[in-house]
Amino acid sequence: MDGAIDQRLGVALATEDAEAEVPPLKRNRRGGFVRFAAIGALLIVFVVFAIAAPGFLTRGNLTNVVEQSTVLALLAFGMSIVIIGGGGDVIRGGIDLSLGANLGLCAAVFTVAVNAGLGDATATVLTFAAGASVGLVNAFAVVGLGILPLLATLAVMNICAGLELVLTQNTVLTANSPLLAYIAGATPLGFSLTDWTFLGTALLLLVVVHATPWGLRLQAVGGSVQAARSAGLRVPLYLALSYVSAGLLVALAAIVQAARLSGSSPGSGDILLSVVLTSLMSAVFSRRLLPSIGGTILSVLFIGCLINGFQLLNVSSYWVNGVQGVLILLVVAVRSVSRRSGEV
Amino acid sequence: MTEEALALRDIVKSFGATRALDGASLVVRRGTIHGLIGQNGAGKSTIIKILGGLYQLDAGRILIHGEEPRSVTPRLVEELGVHIIHQEALLVPGLTVAEALFLGNELRHGPLLAPFSMRRRAEAIVRETFGVSLSGNMLISELSAAQRQIVQITRALLNKPRVLVFDEPTAALVRREANRLFDIIRGLRDEGTSIVYISHYLEEVRDLCDVVTILRNGRDVATVDPRTTPMAEIVSLMINRDIHEMFPKQVIPCGKAALTLQSLGKAGAYEDVTFTLHAGEILGLTGLVGSGAKEVLQTAFGLTRHDRGQILIGGKPARIGSPGRAIARRLGLVPEDRRHQGVALDISVRENMTLASLRGLTRFGLIDTRRERGQVMSLIERLGIKTPGPDARLRDLSGGNQQKVVLAKWLSAKSDIYILDEPTVAIDVAAKVEIYRLLGDLVAQGAAVLILSSDLMELQGICDRVLVMYRGRIVRRLVPAETTADEILAAATGALAPLDKAA
Chain A
9 MDGAIDQRLG VALATEDAEA EVPPLKRNRR GGFVRFAAIG ALLIVFVVFA IAAPGFLTRG
69 NLTNVVEQST VLALLAFGMS IVIIGGGGDV IRGGIDLSLG ANLGLCAAVF TVAVNAGLGD
129 ATATVLTFAA GASVGLVNAF AVVGLGILPL LATLAVMNIC AGLELVLTQN TVLTANSPLL
189 AYIAGATPLG FSLTDWTFLG TALLLLVVVH ATPWGLRLQA VGGSVQAARS AGLRVPLYLA
249 LSYVSAGLLV ALAAIVQAAR LSGSSPGSGD ILLSVVLTSL MSAVFSRRLL PSIGGTILSV
309 LFIGCLINGF QLLNVSSYWV NGVQGVLILL VVAVRSVSRR SGEV
Chain B
254 MTEEALALRD IVKSFGATRA LDGASLVVRR GTIHGLIGQN GAGKSTIIKI LGGLYQLDAG
314 RILIHGEEPR SVTPRLVEEL GVHIIHQEAL LVPGLTVAEA LFLGNELRHG PLLAPFSMRR
374 RAEAIVRETF GVSLSGNMLI SELSAAQRQI VQITRALLNK PRVLVFDEPT AALVRREANR
434 LFDIIRGLRD EGTSIVYISH YLEEVRDLCD VVTILRNGRD VATVDPRTTP MAEIVSLMIN
494 RDIHEMFPKQ VIPCGKAALT LQSLGKAGAY EDVTFTLHAG EILGLTGLVG SGAKEVLQTA
554 FGLTRHDRGQ ILIGGKPARI GSPGRAIARR LGLVPEDRRH QGVALDISVR ENMTLASLRG
614 LTRFGLIDTR RERGQVMSLI ERLGIKTPGP DARLRDLSGG NQQKVVLAKW LSAKSDIYIL
674 DEPTVAIDVA AKVEIYRLLG DLVAQGAAVL ILSSDLMELQ GICDRVLVMY RGRIVRRLVP
734 AETTADEILA AATGALAPLD KAA
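Line by line, the protein sequences give chains A and B.
Sequence positions in the first sequence follow my numbering and run 9 to 352.
Sequence positions in the second sequence follow my numbering and run 254 to 756.
Some hints here could point you the wrong way.
What the hints assert, rightly or not - Covered by chain B, per the in silico footprint, the following chain A stretches (three or more residues, Cβ under 8 Å):
{"no.": "1", "region": "224-230"}
{"no.": "2", "region": "233-243"}
Unchecked claim - Taking CB as the label site, the calculated pair distances span:
{"no.": "3", "chain 1": "B", "residue 1": "Ala-645", "chain 2": "A", "residue 2": "Phe-41", "range": "42 to 48 Å"}
{"no.": "4", "chain 1": "A", "residue 1": "Thr-130", "chain 2": "B", "residue 2": "Glu-321", "range": "54 to 60 Å"}
{"no.": "5", "chain 1": "B", "residue 1": "Ser-324", "chain 2": "A", "residue 2": "Val-340", "range": "39 to 45 Å"}
{"no.": "6", "chain 1": "B", "residue 1": "Ile-600", "chain 2": "A", "residue 2": "Ser-141", "range": "40 to 46 Å"}
{"no.": "7", "chain 1": "B", "residue 1": "Glu-321", "chain 2": "A", "residue 2": "Val-215", "range": "41 to 47 Å"}
{"no.": "8", "chain 1": "A", "residue 1": "Ile-99", "chain 2": "B", "residue 2": "Gly-276", "range": "41 to 47 Å"}
{"no.": "9", "chain 1": "B", "residue 1": "Pro-322", "chain 2": "A", "residue 2": "Ile-99", "range": "34 to 40 Å"}
{"no.": "10", "chain 1": "B", "residue 1": "Glu-320", "chain 2": "A", "residue 2": "Gly-152", "range": "31 to 37 Å"}
{"no.": "11", "chain 1": "B", "residue 1": "Pro-322", "chain 2": "A", "residue 2": "Gln-234", "range": "17 to 23 Å"}
What the hints assert, rightly or not - Computed far set for chain A versus chain B, every beta-carbon distance over 12 Å:
{"no.": "12", "residue": "Phe-54"}
{"no.": "13", "residue": "Gly-96"}
{"no.": "14", "residue": "Phe-148"}
{"no.": "15", "residue": "Leu-159"}
{"no.": "16", "residue": "Leu-171"}
{"no.": "17", "residue": "Asp-203"}
{"no.": "18", "residue": "Arg-268"}
{"no.": "19", "residue": "Gly-302"}
{"no.": "20", "residue": "Phe-318"}
{"no.": "21", "residue": "Asn-322"}
{"no.": "22", "residue": "Trp-327"}
{"no.": "23", "residue": "Gln-332"}
Don't read these hints as lab results, they were simulated from the structure.
All C-beta atoms, glycine included, are put in the ideal place defined by N, C-alpha and C.
Could you put the whole structure together from the sequences, leaning on the hints where they help?
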């Protein structure tokens with residue numbers, strides 16, 4: 009008995025099993041399948057519209073898809089950054105529900121500022137300040153007060169919506185300014201400035217989030233707070249920055265939107281559902297089953313093609329909402345299922 | 254003074270009313286491997302968490318290389334060259350191996366990451382240190398527990414620490430990997446690194462460590478040289494009692510057949526499994542991973558289906574298709590993965606205990622709380638469960654006491670047949686003894702116990718019979734008094750030729 013107080017088969021043995029080579033590495037097949045299916049669905053939608061919808065494949069229409077999607081894309085980038093930093097858990101992880109309302113607020117700030125004669129430069133600064141402040145408030149509520157992001161940003165969403173109403177009195181405000189006219193009219197190298205904004209932001213964020221140490225650390229914070237902390241990362245800083253970045257992206261989106269609509273109009277907050285969808289959907293395009301910038305670009309284009317194709321096919325735009333809802337359910341279901349069985 | 258790499262002196266730490274550390278000291282000389290052992294609850298993890306800056310100490314001093322840090326925070330301790338490898342791998346599941354290894358000290362091209370060099374370096378370093386190849390591009394979530402542990406240890410070595418603390422590093426490793434780790438640890442020591450090594454496996458500690466400190470009840474009771482101190486003495490220092498008291502085996506005459514498995518088969522898992530579990534009997538089942546023993550147990554409890562053969566309960570054929578039916582037939586399961594399957598950590602001791610027996614405690618559809626409380630209190634007393642009270646959250650209990658609550662759940666459901674899956678893994682010696690005693694009481698009252706275990710001493714100490722499975726078949730039916738640990742081992746590894754269908 010002595011000498012073997014805790015003799016266990018697994019450790020006490022030098023068996024053939026234990027001496028065998030490390031077992032062949034098992035790949036996450038499910039992740040691969042999901043990614044394959046998602047890209048397949050994107051291609052199918054594309055091909056179906058290309059065949060069925062007249063004019064879908066023309067260059068004019070495709071740039072139109074990009075242009076229509078730009079505001080959504082910018083917001084979805086913000087959402088993805090917040091989810092990457094806060095973690096993919098839909099309930100406890102990172103999420104920013106205030107993005108839509110913040111968009112309305114920022115557009116209102118810009119419009120009101122221009123109409124007050126403050127000039128484009130000042131209006132732009134004010135807009136970015138507004139977007140960033142909302143991000144800071146979110147960051148303070150989540151990081152400083154430790155409120156669940158889902159609840160914190162829900163509250164901030166209401167604050168933003170209220171402030172927008174105060175600024176606009178719930179009316180459509182038109183604004184004209186050299187900047188708005190320039191954004192709406194200029195077509196450097198044959199593409200609209202809105203297209204370029206989409207492209208430029210997408211490239212910039214692809215690099216920042218997926219190819220810099222900062223991005224890697226942000227992913228680490230989202231993946232496991234404890235692991236990130238034990239690697240010496242300042243977790244609160246990364247979390248706070250993710251919300252502020254989202255706020256800044258919203259401000260940029262607000263100016264693009266103001267140019268498209270020549271001002272601000274109530275109801276911007278409705279975009280939230282699409283933003284949540286695109287960002288969650290981006291996860292199915294990545295091997296890690298987590299939101300990514302690349303995945304967000306693909307899902308934005310997916311949704312953009314859907315809406316555009318429906319329009320070309322004369323399907324009522326009311327259907328789009330329903331389809332989006334179904335897609336959210338699908339995406340969240342895929343993620344929960346693969347999470348449940350994929351992780352140990 | 255500088256001889257001491259690490260000196261924790263007279264550390265006191267209380268959590269509420271419990272004093273986890275009561276003046277414990279740990280002094281590690283430079284360039285030694287210092288073992289730290291003790292039962293669960295002795296204060297091992299508390300003292301390490303204090304060293305790591307995760308807990309604040311109430312009293313005592315910490316010196317690192319003769320210096321007293323102004324405050325003990327994770328960052329500061331790390332800067333002083335102390336690195337702790339925690340038991341649960343602290344790695345980000347969504348990162349690749351390369352990213353996880355270099356997180357915080359990424360390789361760069363200017364402001365950008367250098368993913369390809371990180372990947373190459375990561376693969377090279379893992380191969381150099383562990384002699385295994387691991388793709389730098391795999392996700393942490395795709396790795397086995399052992400591979401994660403390898404990444405975690407490699408990561409720690411990258412930081413070139415002066416003091417390295419291992420908390421149960423071999424729990425997830427197979428023999429070969431563990432041996433490799435021991436070589437690495439010895440190499441580090443020879444280069445002058447000081448090592449603190451915490452383990453449940455006393456043999457490991459004996460083979461590896463230069464000095465061993467034994468903790469008991471929050472105090473360091475002895476610091477000895479493990480090579481010259483008999484193992485039995487170390488054990489009795491740990492448990493403060495003689496080792497032969499560990500297995501309080503009572504001999505109970507076997508009663509009627511409680512559970513019979515007849516030629517049970519399941520494709521790819523096991524075949525032709527036949528045995529009868531009698532009332533008053535503790536029947537041991539053992540086998541390596543993949544032997545099918547675990548699947549047999551799960552089938553008996555209705556967690557997985559069998560393809561062939563039948564199950565009899567009390568001599569009558571029974572269909573156990575689901576755990577619900579198993580419970581209705583008065584079976585109780587104590588699963589291996591206690592935290593995930595056995596208990597609900599965030600609800601109270603009382604609720605956990607009565608979860609499976611609420612039907613008997615309700616009046617007009619509502620829970621009769623007075624009766625429930627009475628039953629719970631008597632169970633707490635009977636099982637000697639150490640808890641602040643019946644309404645304490647289960648999370649706040651030690652592992653051994655949580656396991657007793659799982660048993661209490663089936664006791665209150667008045668089960669006749671208890672099926673236990675590795676019931677004493679990661680439980681300290683004292684709690685083990687209490688669980689063995691409890692199982693003894695159960696069979697004395699006519700219950701039948703089927704226990705799956707890979708702890709050879711446990712099998713020999715408490716079972717009336719031991720069935721050994723190898724590659725899906727029962728290869729040996731042994732009686733502990735007539736067998737040795739070596740024979741059980743040999744049968745489980747297939748070193749013995751399988752017998753023909755034995756009795």
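Hint by hint, here is what the structure shows:
no.: 1; hint: 224-230; in the structure: holds (count 5)
no.: 2; hint: 233-243; in the structure: holds (count 8)
no.: 3; hint: B/Ala-645 with A/Phe-41: 42 to 48 Å; in the structure: 44 Å, holds
no.: 4; hint: A/Thr-130 with B/Glu-321: 54 to 60 Å; in the structure: 56 Å, holds
no.: 5; hint: B/Ser-324 with A/Val-340: 39 to 45 Å; in the structure: 44 Å, holds
no.: 6; hint: B/Ile-600 with A/Ser-141: 40 to 46 Å; in the structure: 42 Å, holds
no.: 7; hint: B/Glu-321 with A/Val-215: 41 to 47 Å; in the structure: 45 Å, holds
no.: 8; hint: A/Ile-99 with B/Gly-276: 41 to 47 Å; in the structure: 44 Å, holds
no.: 9; hint: B/Pro-322 with A/Ile-99: 34 to 40 Å; in the structure: 39 Å, holds
no.: 10; hint: B/Glu-320 with A/Gly-152: 31 to 37 Å; in the structure: 34 Å, holds
no.: 11; hint: B/Pro-322 with A/Gln-234: 17 to 23 Å; in the structure: 22 Å, holds
no.: 12; hint: Phe-54; in the structure: 29 Å, holds
no.: 13; hint: Gly-96; in the structure: 8 Å, violated
no.: 14; hint: Phe-148; in the structure: 23 Å, holds
no.: 15; hint: Leu-159; in the structure: 20 Å, holds
no.: 16; hint: Leu-171; in the structure: 36 Å, holds
no.: 17; hint: Asp-203; in the structure: 26 Å, holds
no.: 18; hint: Arg-268; in the structure: 34 Å, holds
no.: 19; hint: Gly-302; in the structure: 14 Å, holds
no.: 20; hint: Phe-318; in the structure: 34 Å, holds
no.: 21; hint: Asn-322; in the structure: 43 Å, holds
no.: 22; hint: Trp-327; in the structure: 35 Å, holds
no.: 23; hint: Gln-332; in the structure: 26 Å, holds
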